[in-house]
Amino acid sequence: MTDLSLHMAHVDGPAEEAGLRDYWQLLKPRLMSLSVFTALVGLLVAPEGLHPFLAATSILWIAIGAGASGALNMWFDADIDRVMKRTRNRPIPSGRVTPSDALALGLFLTVLSVTMLGLTANWVAAGWLLFTIFFYAVIYSMWLKRTTSWNTVIGGLAGAFPPMIGYAAVTGTTPLEAWLMVALIFMWTPPHFWALALFVKLDYHVARIPMLTVTHGRDETRRQTWLWSLGLVAVSFVTAFTAIGGPLTLAVASVLNAVWLQRAWAVVRRDDLDSDADAHLAERRLFKWSLIYLFAHFAVFVAEAALGPYGGW
Amino acid sequence: MHQDHELHVRRRGRNFGLLAVLLGFIVIVFALTVVKVTTGGFAEAFDHVARPALVPDDGATPTEDDE
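Read top to bottom, the protein sequences are chains A and B.
For reference, each letter of the first sequence is one residue, going 1 to 313 in our numbering.
For reference, each letter of the second sequence is one residue, going 314 to 380 in our numbering.
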């Protein structure tokens, strides 16, 4: 009897001892870094300003909130992660962390980050952080990711909220400028991800995730990449004419958008045969530019704010 | 001679990591309290007496000299 219970315990428990690194990996640090950067920009461009220590700790709570949604996502997606090559070695599918531990960590960090952001900054920012975690973990991970090919678009919305949370942490409000930063990331995410999907053979079909490249084909993905690029450019130019923009933003956005459109057009006007022939050069170039694009666009908002009376219109 | 249990040896790194996180949290909460108290307006809680600071000075308030 004793022997049997020991064996059972071994089967249910983790395969090997989880280290701190495994718990850190549960928080999806790469996703967290994007949230930290965009939230910091939102916080810096907001009028009035916040005490430096309150600003730094607000960013910390937003980062922990992003980590909480990552842990909840990993907990729910463990079955998918188990069958895909790219994700097979994550802490839960590899057996180092039990699903219940991941769930407990995600829920605990949700409560901690939202409460602490409310006490540090204000409850408007805390409310939006809670909504973002709910949106990513429940609406995206549990529901839409497995049911619609527009999952990339919807998932992108969850990643778009941090600059608005940063802005709200300072002002307690979410005006047009904050929403435009959300819109910019929202429009940026699909073409960024589809460019990647066109040159990396991701095995989503094995896990039955309805990605656009599989459900609507690669040609349609190219067409959608172009359409969303046009939307992105429109939002980008609108931001230049608001309180967070100015002549400098307009100049930088013009360059960023011109290169983006040129590279997106190179992707849409060819098919998979051309793409295979040059090892997906155009798709790779668009993907690389998308990384520079987002960083530079948000950096110019900060530069505009730093210019003070010399920045803006 | 005292010997650590194998479980404690195995989890030493993790436990020290958790200790560092908890200590960091205490430091942050303490520093937040200091910043909030020193930079924010002091709370004016109801203390069962009328506070002169909240009474508008319209010249009608009786003083001791009036009596």
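It is worth saying that the hints were derived from the structure and are not from the lab.
Be aware that one or more of the hints could be misleading.
What the hints assert, rightly or not - A few chain B residues that face chain A, going by a derived Cβ cut-off under 7 angstroms, partial list only:
#, residue
1, Leu320
2, Arg323
3, Arg327
4, Gly330
5, Thr352
Just so it is clear, CB atoms sit at the ideal spot from N, CA and C, and this is done for glycine as well.
Checklist entry - Out of the numbered hints, which ones does the structure contradict? => result 1
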